[in-house]
Amino acid sequence: MRSTTYSALRIAIFLAGSLCGAQPLFAVNSPSSKEEGAGRSDPNWSKVTVELPASITLFPGGSAQSVANSQCLICHSAGMVLRQPARTQMQWTETINKMRSAYGAPIGAGQVDALAAYLTRVVSVDSSAQSASVWKKEEAENGKNDSVDGAAIFAGSCAVCHQAAGTGLPGVFPPLAGSSWVGGRDVTLVQILLHGVQGALTVNGKSYNSAMPAFGNQLSDAQIAAVLTYVRSQWGNKATAVNPSLVSTQRAATAARGGPWNGDIDLAR
Amino acid sequence: MKRSTPNAASFSRRNFLARTAAFGVAGFLGSATWPVSAADELVELPFANGRRELASNFPQKGPMILQRTRPPLLETPFEVFDQGVFTPNDRFYVRWHLPNIPTTIDPAKFRLKVHGRIRQPTALTLEELVRDFPPFEIAAVNQCSGNSRGLFSPRVTGAQWDNGAMGNALWRGVRLKELLDRAGVAPGAVQVRFKGLDTGVLPQTPNLMKSLSLDHARDGEVMIAYAMNGKPLPLLNGFPIRLVVPGWYATYWVKMLADIEVLDKPDDNYWMSKAYVIPDTPGANITPEQKDVKMVPINRMVPRSFFTNLKDGAHVRAAQPLQLRGIAFGGDTGVAKVLVSTDSGRSWQSARLGADPGKYSFRRWELLVRFASTGPQTLMVKAINTAGLAQPDRPNWNGSGFMRNVIESLAVQVS
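Chains B and W, in that order, are what the protein sequence lines are. The numbering used here puts the first residue of the first sequence at 888, with every later residue one more than the last. The numbering used here puts the first residue of the second sequence at 664, with every later residue one more than the last.
Hints were generated in silico from the structure; no laboratory data involved. Quick caveat: nothing in here was measured; it's all calculated off a predicted structure. One should not assume that every hint holds.
[Claimed, not checked] What follows is a list of derived Cβ distance ranges for each label pair:
(1) B:1001 / W:763: 41 to 47 Å
(2) B:1086 / W:786: 31 to 37 Å
(3) W:844 / B:934: 54 to 60 Å
(4) W:866 / B:1056: 48 to 54 Å
(5) B:1142 / W:785: 48 to 54 Å
(6) B:1142 / W:959: 36 to 42 Å
(7) B:993 / W:975: 39 to 45 Å
(8) B:1054 / W:774: 42 to 48 Å
(9) W:763 / B:975: 52 to 58 Å
(10) B:1142 / W:769: 44 to 50 Å
(11) W:847 / B:1155: 18 to 24 Å
(12) W:783 / B:1054: 35 to 41 Å
Here a beta-carbon is modelled for each residue, glycine too, at the ideal position from N, C-alpha and C.
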């Protein structure tokens, strides 16, 4: 089976091209005329792999901000909330209670009032714009600050095993420079930092069997994002930045996990 | 990659907007709704708190109005509907309820399980689905129950869509009836329940499951689609297969369909009994004060029509011919007539209807008009379906923001 990974860029280019030209009246953009073999042939079942974008919007400051960020983001990104119409505290209380009873959101009964008051204040006629500007502001700041923070965290917490140049120690600690793990899924890296790893782990074709400690209790979401962003941009690595909200979501989603991941068995898929 | 690089993303957005703007000038279009600022990735939907990003970083998708990143809610920019009656797959709107959406689908390993009150429980491969049943094609509109929710007054919660949570495609696949007949429905069966591969993060979150009556499931139109406009479905539209329920709201069109269960009693799971229920009144219409209304599962769609080559606030010329055009659909049956008014509804003219791809499809309409005098004017468009049901003069209201289909109005400046 052929494996197909779709890139947003490729699709964007296709799309820009497809918009050229005037549209005649009653043009039925016939679905079968666009690409070869369309419509009449049996499907060609190729394996499909996609990556979904992660939200980087966090709930803005306020008394119940941390509750919103740790509870609401388990199931959905913040933008949906910030794009709602302005509502009364009673209406927000109803919604929060629906999230608790219908969907099992682990929001404590004692947290409901403060969260409802917070949302009443934060979600307003222009909070969607705020969400958009937060999006851009965070992106800009991540680009500026991560190399500084990330480098310091790396030197203090990681370099002792993985070495300052990310080379690791042959046969003992795996390299980060050129590692397909480091250049791979950000979610996997976040989980490795949150919970640690034990057991056999294959890195660039070589098997390692050392234990990496969990950093979930030592580093904040922003620190984990910063050090991963640093590692993913150093020593020839060229992977995308990791956002704090992804760490936050991943932390919440696996909060119940008690121990480290079991090397290739859990992580390679 | 997780997101496209900023350069790639902004390139495509700029390009898209530049094309749209150029087209706009040629067609006397206004630009009142967007873009809103120098930051050309933003669009302004026509209600309070309506600023949205135009996102180009979702897989297999072009620029889409971002309603929610996770799980994705992506709205089709309305300009797309002017391009033709079939909505391109890469611009087709996206709506997921649960955040754990498989991001890899291996068709070789995928199985469609059929079980419950049937004689021969089975797990079909995709190859078997294609090979063992005759292909069936139908053009049908897929519309979110809450399409246009952002326009409700008073406002209600939920995805704050403008009118773009809908799309029309040519669906190809197999009739559900054939599948059920092959499996052999056992005595006592009353409903058929459908479940996809998406799940919640928390074990307490109910899986999304939707049910149809056995008769409806076997009506020969309800189908399992493996192609959309001649191509595999985009993953976010349900790859590899989804249910298609022509004429019914999209909540029933279960994506990544993997489990069909024939039930011997009516389904009372959360998604049938609590979510997606409407007041059992004409047009699902009640007042905000009305209490203790009988609620029923949402079902058949109602007629709608739209202008696609003019936006609210457009400037048009007096004493010159102007081609108005748009799309219409009849809901659960075909379009009989599309009427257009250029004088706030005092008089109506019949629009010419375009090719008919089938009674559940979008249909093009067009009308040549000429404004005699200058000043503000209100254009209206209304569809009447072949069952005689017309779009209402006044918007409906219900607490979930479902089934909006009021006559569309546009304010234009004639100069």
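The hints, checked one at a time:
{"no.": "1", "hint": "B:1001 / W:763: 41 to 47 Å", "result": "violated, 29 Å"}
{"no.": "2", "hint": "B:1086 / W:786: 31 to 37 Å", "result": "holds, 33 Å"}
{"no.": "3", "hint": "W:844 / B:934: 54 to 60 Å", "result": "violated, 31 Å"}
{"no.": "4", "hint": "W:866 / B:1056: 48 to 54 Å", "result": "violated, 41 Å"}
{"no.": "5", "hint": "B:1142 / W:785: 48 to 54 Å", "result": "violated, 39 Å"}
{"no.": "6", "hint": "B:1142 / W:959: 36 to 42 Å", "result": "holds, 39 Å"}
{"no.": "7", "hint": "B:993 / W:975: 39 to 45 Å", "result": "holds, 43 Å"}
{"no.": "8", "hint": "B:1054 / W:774: 42 to 48 Å", "result": "holds, 45 Å"}
{"no.": "9", "hint": "W:763 / B:975: 52 to 58 Å", "result": "violated, 33 Å"}
{"no.": "10", "hint": "B:1142 / W:769: 44 to 50 Å", "result": "violated, 30 Å"}
{"no.": "11", "hint": "W:847 / B:1155: 18 to 24 Å", "result": "violated, 42 Å"}
{"no.": "12", "hint": "W:783 / B:1054: 35 to 41 Å", "result": "violated, 59 Å"}
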